[in-house]
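Trainee: Chains as they are written, first to last, in numbering that gives the first Met the number 0: chain B, 0 to 316; chain F, 0 to 381; chain X, 0 to 322; chain U, 0 to 378.
Hints are computed from structural coordinates only; laboratory data are not their basis. Errors might be hidden in some of the hints.
Stated by the list, open to error - Pair by pair, the computed Cβ-Cβ distance ranges are:
#1 X/M210 with B/G32: 30 to 36 angstroms
#2 U/G196 with F/A303: 27 to 33 angstroms
#3 U/A33 with F/E77: 39 to 45 angstroms
#4 B/S145 with U/I43: 44 to 50 angstroms
Fair warning: this is a prediction, and the values are worked out from it, not measured in the lab. Where is the CB? At the ideal position from N, CA and C, for every residue including glycine.
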Amino acid sequence: MSDQTMQGGTASVPGAQVAPDTSDHDALSIHAGPQGETLLEIDHVTLRFGGVVALNDVDFSIKRGEILGLIGPNGAGKTTCFNVMTGVYTPTSGEVRFNGKVISGTKPHKINQLGIARTFQNIRLFPEMSALENVLVGCDARHKTSVLGVLFRAYRVRPTEDQLPDNGFKRAFAKVFGMSRHVLEERGGRIRAMELLKFVGIADRAHELSRNLPYGYQRRLEIARALATEPELLCLDEPAAGFNPAEKEDLMDLIRRIRDLGHTVLVIEHDMKLVLGVTDRIIVLEFGQKIAEGTPDEVARNPKVIAAYLGEPDDAA
Amino acid sequence: MIRSSKTWQVAAMASVAGLVLSACGTTDTDGGGDASGEDCNFKIGVMGALSGANASIVLPSVDGAELALNQWENDECEVTLEKFDTEGDPAKATPVATQIAGDDTFIGVIGGAFSGETRATKSIYNDAGVTMVSQSATATDLTQEDPVEVFHRLVPYDDYQGAAIANYLTDEVGASKVFVVDNSEAYGEPLADRVEETLGDAMVQRDKTEVGQTDFAPTISKMESAEPDAIFYGGYIAEAAPLLKQIRDAGIEAPFVGGDGLYGADFGNAVGAAGEGAVVMCPCAPIEEDSTFAADYEEEFGSAPGAYAAEGYDAMSVFLAALDDGARTREDVEAFVDDYTGEGLSKEIAFDENGDVPQENVSYWAYKNEGGTLVPEVEVTP
Amino acid sequence: MDFDALISGLDRHTLDGITRGSIYALVALGYTMVYGVMKLINFAHSEVFMVGTWAVLGVYTVLGVGAGESLGIVIAATLLALVGAMVASAGTALAVERIAYRPLRKKGAPPLIFLITGIGCSMVLVELFGQVFEVFFGPPFGRVTVNIPSVLETKELFTIPGIDLTITNTRVIIIVGAVLMMLALDTFVNKSRLGRGVRAVAQDPDTASLMGVNQNRVIMLVFVLGGAMAGVAALLYTIQYDITKFDIGFIIGLKAFTAAVLGGIGNLRGALVGGLLLGIAEVYASTIWSSEWANVTAFVVLVVVLMFRPTGLLGESLGKARA
Amino acid sequence: MSQIFDTIRGFSIRDRIAQAPNWARKVGMLLVIAFAFYLPFLNILPFAYVRTDLTSRGSDWASVLFLVVVYMIVAVGLNVVIGFAGLLDLGYVGFYALGAYSIALFGSPSSPVVEALQNRFGLSETWAVPFAMCIPIAIAMSLIAGVILGAPTLRLRGDYLAIVTLGFGEIIRITARNLDNVTNGATGITNVPTPPGPETDGRAFFNTVDAERWYWLALTILIIIIWLAFRLEHSRVGRAWLAIREDEDAAAIMGVAAFKFKLWAFAIGASVGGLAGLLFGSKQQYVEPNAFMVNLSFLFVAMVVIGGSGNIYGVLLGAFLLTYLPERFREFQEWRPFAFGVALVVVMILRPQGLVPSRRRAREFEDRKVEAEEAAADV
């Protein structure tokens with residue numbers, strides 16, 4: 000397979016500073032709409048489980064191209080907020096709009112296709128798949144081949160020059176009859192997946208089972224897998240949990256580079272330093288309610304926020 | 000790569016070893032004994048449910064055939080009886096039939112014992128020209144709708160049996176309101192259909208049950224409102240036993256009549272006290288208790304001849320007569336059996352162009368369950 | 000299609016259905032208890048029931064009793080048969096657990112493996128009675144239907160006036176017996192100390208073992224209880240139908256399992272509701288059409304119920320059996 | 000027993016095959032296929048002892064091979080459902096039956112359906128739908144049945160799915176038995192057509208006696224189906240199934256349409272089952288409802304699980320062993336079911352992951368074992 004040649008990439012040692020990524024990632028950038036426009040709106044969303052109110056009239060929006068932080072003490076409803084956005088829960092009242100389209104009540108995989116991807120607080124990779132395969136599952140979200148297409152490969156497309164096979168006979172055949180879209184997608188997917196692994200800095204262990212990867216690699220693999228679905232909006236759920244300061248630095252850099260590719264990023268994080276350092280804007284939740292919103296400076300000075308965090312000093316660490 | 004080259008070495012050695020060993024010889028897949036016209040070494044197959052729930056209807060006929068072979072006196076010929084268990088399942092019967100068909104030393108087959116397996120295999124035997132003489136397959140279509148050259152049977156088909164049962168119900172029992180129950184299976188349903196046809200207005204209601212059913216409450220409540228003066232059940236022993244018990248428990252005392260599916264040695268034991276007086280109809284003539292056959296059978300197998308033992312004996316006798324007559328090929332046997340006439344244990348044997356025994360040669364008997372054994376009651380005509 | 004027959008005898012058919020369903024429900028308890036605690040389908044449970052019917056036959060044979068005994072002997076023999084069937088069935092269930100399931104549990108095998116092993120155990124038990132014992136002991140073992148003497152003969156007890164519904168003693172014994180056993184089991188699981196252990200393991204095995212509940216003991220207890228209920232069902236079955244056979248377990252087991260799922264597998268009261276509903280549905284369908292459609296009706300009812308209530312009528316969970 | 004497995008593992012056959020040069024693997028594959036085609040005539044000692052017709056009470060070797068291959072097709076199809084998608088289907092025999100019934104209903108001149116068509120359109124009495132047309136009909140019918148069964152039930156959890164599918168298999172059989180005017184009821188349908196072919200020795204090419212031709216036909220179909228199954232496994236579809244098996248919610252959030260892929264698994268499994276049923280019915284030339292009892296479903300699942308669910312080679316082995324061994328040892332006729340049950344229990348206890356598990360499955364088992372041991376140690 001072609002990915003054999005891709006191995007190597009940026010070698011890095013877990014825990015140490017990841018070498019700056021030098022390869023060309025233009026191929027990874029996505030085509031995003033006009034910057035600064037509203038991308039996602041959480042419109043007065045309330046979510047109740049029985050008598051418990053998990054989200055109470057939460058209302059905020061994300062603009063295209065920004066890095067938005069979502070913070071709050073444990074149990075404030077941050078992850079629940081993600082779950083509402085990604086279709087796991089349907090809000091009791093209010094609605095979620097993405098690109099102006101109501102998405103609350105839509106099934107999770109449909110929401111992903113619309114352009115929202117996320118990572119999980121407690122890592123949820125596919126443990127028996129290799130790192131590359133995990134990312135490939137993400138790439139598949141953008142692939143069009145149907146099950147019948149996989150079986151019979153009847154859908155042919157005209158390949159570009161560099162997609163043509165080397166073997167003379169096969170090359171001639173492909174020129175006349177075109178190539179199966181499935182084969183091209185599969186090949187393209189592998190190349191893209193490998194690029195993504197390089198982008199997050201874990202390409203050196205692309206063929207290892209994800210369950211055998213070190214913790215930091217698993218976190219980054221989740222990000223790569225989410226990026227593979229080419230989301231306009233990427234939601235990171237506590238991406239720095241369990242990281243040491245050096246790794247956190249890397250992560251901040253990674254988040255900025257993700258934004259530079261054209262993605263909008265929403266981060267849930269406990270670590271105030273990271274959030275204040277990387278985000279453009281911050282929303283603060285407490286007990287399912289929005290208590291503050293603003294630039295990192297504004298939020299850091301907001302007395303309500305300080306009170307909320309001082310009230311639970313353990314979690315603010 | 001070093002490791003893999005080792006693999007190829009191993010593979011090469013294995014193939015050489017295989018070639019060397021192959022020189023050792025080949026197996027005789029014909030299963031011994033080449034058939035040639037001169038020496039008379041033949042096999043006769045018997046196929047049927049030799050194991051499984053319905054074996055008790057088949058095994059006596061196999062024993063009967065064995066007895067006929069043991070009693071046969073012929074210096075020229077060596078005949079063995081090969082038993083094939085099909086569990087009564089058509090899917091299991093086809094490989095057996097293909098095996099028999101492909102082995103030229105088989106000159107005939109006794110069976111199939113049941114209609115389903117016979118339906119599935121008769122074209123195989125027909126293609127190979129193996130003569131079949133069935134001791135107990137009674138489905139009408141086997142000879143009437145879809146006859147093949149090689150199939151013969153010693154029992155009348157369901158049409159006649161159904162008529163005989165209906166006649167018994169109306170004439171002997173004097174019933175005018177018969178409740179007909181069947182087991183929805185290939186055996187019970189067509190038989191019950193024939194009974195229904197012949198009964199005409201004398202049938203009050205028909206109900207269908209399942210194989211494996213034990214709770215017949217819905218059928219019983221239908222009976223209670225129909226108030227029949229006789230009940231016919233087309234099915235097997237396993238369901239007849241709980242059905243009878245529940246009929247009697249409900250206080251319905253109408254006579255109970257069953258088809259030959261109930262004609263087995265274990266009927267009396269299975270139905271117990273509730274089955275006292277129940278009648279089983281069978282196209283099999285009773286074997287005189289003092290006859291030599293019954294005595295020989297008892298001596299050989301340690302029990303009184305059961306269902307279709309005489310038919311099994313007769314089927315074997317037909318084949319052996321063919322060999323006595325000098326038949327040495329499948330064609331000879333087929334020609335001989337087609338024209339055969341003779342006095343059998345069960346009846347006067349002859350086969351019409353469809354392979355059926357002429358109707359006038361057949362006798363139907365009603366057997367009554369008395370104290371756990373089936374006692375011949377009366378002969379009935381269709 | 001005979002709806003008139005159904006309507007005109009609705010009381011009678013419902014009673015028939017309840018009788019049939021009572022036995023399903025008792026057998027269903029075994030499936031439900033094991034599922035509730037271990038989250039697996041014990042496919043050999045149908046044979047646990049079958050062994051019980053043979054035990055009844057064995058007890059009657061040893062005692063030498065038959066039809067028409069005096070009342071005292073009838074009661075004594077039936078009680079002995081009850082004990083015999085419960086012991087035999089519980090013992091079989093326990094043996095299956097110890098021999099087949101425990102090694103798998105040690106390996107942490109997924110449910111599918113338990114399923115295949117259960118099918119294997121079921122075949123072994125069927126063949127023991129249909130083949131192996133016949134070779135060693137001869138009749139009554141083997142592949143034939145065996146009559147069990149009607150020690151407890153069916154007698155009319157009384158007729159409900161007005162609707163003209165005759166009640167027999169066997170019906171009363173079956174329905175009352177089934178309900179009593181179920182109440183006893185329900186009380187045991189909910190009230191006793193051992194029962195608390197069962198519920199604890201059902202809710203959260205890990206926490207339960209941390210709290211000092213011996214999981215193996217609980218699982219054994221569950222198999223024994225389920226087996227004993229199948230034993231009761233076996234006695235009631237023989238009283239009603241008078242027969243046994245090496246393969247009678249299969250269909251009853253299938254129906255009982257359907258009943259358990261219908262009511263909400265893992266839920267004791269669900270087993271009762273599911274069993275009765277299934278019995279009634281089958282009898283109604285058999286009356287409207289005929290018995291050949293009873294099984295189809297049973298499964299259609301199951302599919303329809305699951306479509307609207309994906310975890311059965313009463314929902315699952317042995318732990319929350321009180322709810 | 001486990002020592003034997005360890006020894007076999009010592010050879011690490013899989014690694015060696017994987018390391019072999021590409022041409023060698025291709026040649027090896029061709030040799031295996033050639034050998035498979037030659038198998039009916041295998042008559043060289045000591046290999047010929049595998050034959051089932053060594054004694055005159057055996058059963059025809061080529062017929063047994065045919066049945067083995069038909070069940071292999073079934074196993075490969077069911078493996079898509081159980082092994083790939085992780086859905087427990089206990090009613091697979093229903094699709095098998097549908098395949099057999101479709102060719103019987105439409106292809107046999109004596110089926111009530113064909114007779115109705117004859118009357119309706121004034122066709123001759125020997126007219127029936129040609130064999131070639133019956134194949135798409137059979138596949139379509141079982142596929143539609145798969146979708147109809149799957150669409151409402153696939154949302155159910157594993158164990159519920161098991162009982163519902165089991166019920167479905169029974170509904171198909173009972174309906175086929177009860178609808179006398181459509182399926183001839185319990186009597187079944189005769190004169191099921193065979194594939195067309197040149198007449199040889201005065202008989203149709205696919206006749207009842209020369210079973211090896213049927214075997215070759217089935218084998219060809221099996222090879223095609225295996226090839227397609229591998230395509231599925233190593234594609235986005237196979238990855239989606241694996242992802243669903245491992246973490247359905249996470250897969251959905253990553254854009255995997257879980258329900259759609261599960262339904263596809265069901266539909267693909269169903270149509271493969273239907274194709275196997277069609278072969279069976281055509282060879283048998285007779286179809287009756289009792290050939291499709293529930294027990295057959297259990298046998299199919301046992302093939303997949305014993306062989307090694309998820310691994311195509313494993314399920315092929317499972318299908319082979321469970322079909323072949325009972326035929327090979329016919330002389331123990333009465334004892335076979337007992338031995339079968341014992342073998343099922345013993346194999347599962349000693350090797351719960353199956354005889355030839357997929358590597359992923361084997362690792363999952365190791366994990367579970369460790370977890371179980373840890374849990375036991377806690378007590």
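Trainee: Taking the hints in turn, state whether each one holds.
Mentor: Status of each hint after checking the structure:
Roughly 56 angstroms separates the CB atoms of X/M210 and B/G32, a value that falls outside the hinted 30 to 36 angstroms. Distance hint check for U/G196 and F/A303: the Cβ-Cβ separation is about 52 angstroms, which falls outside the suggested range of 27 to 33 angstroms. For the pair U/A33 and F/E77, the beta carbons lie near 41 angstroms from each other, so the given range of 39 to 45 angstroms is met. Our hint of 44 to 50 angstroms for B/S145 and U/I43 holds, since their Cβ atoms are close to 48 angstroms apart.
In this structure, the earlier hints numbered 1, 2 are contradicted, and the remaining ones agree with it.
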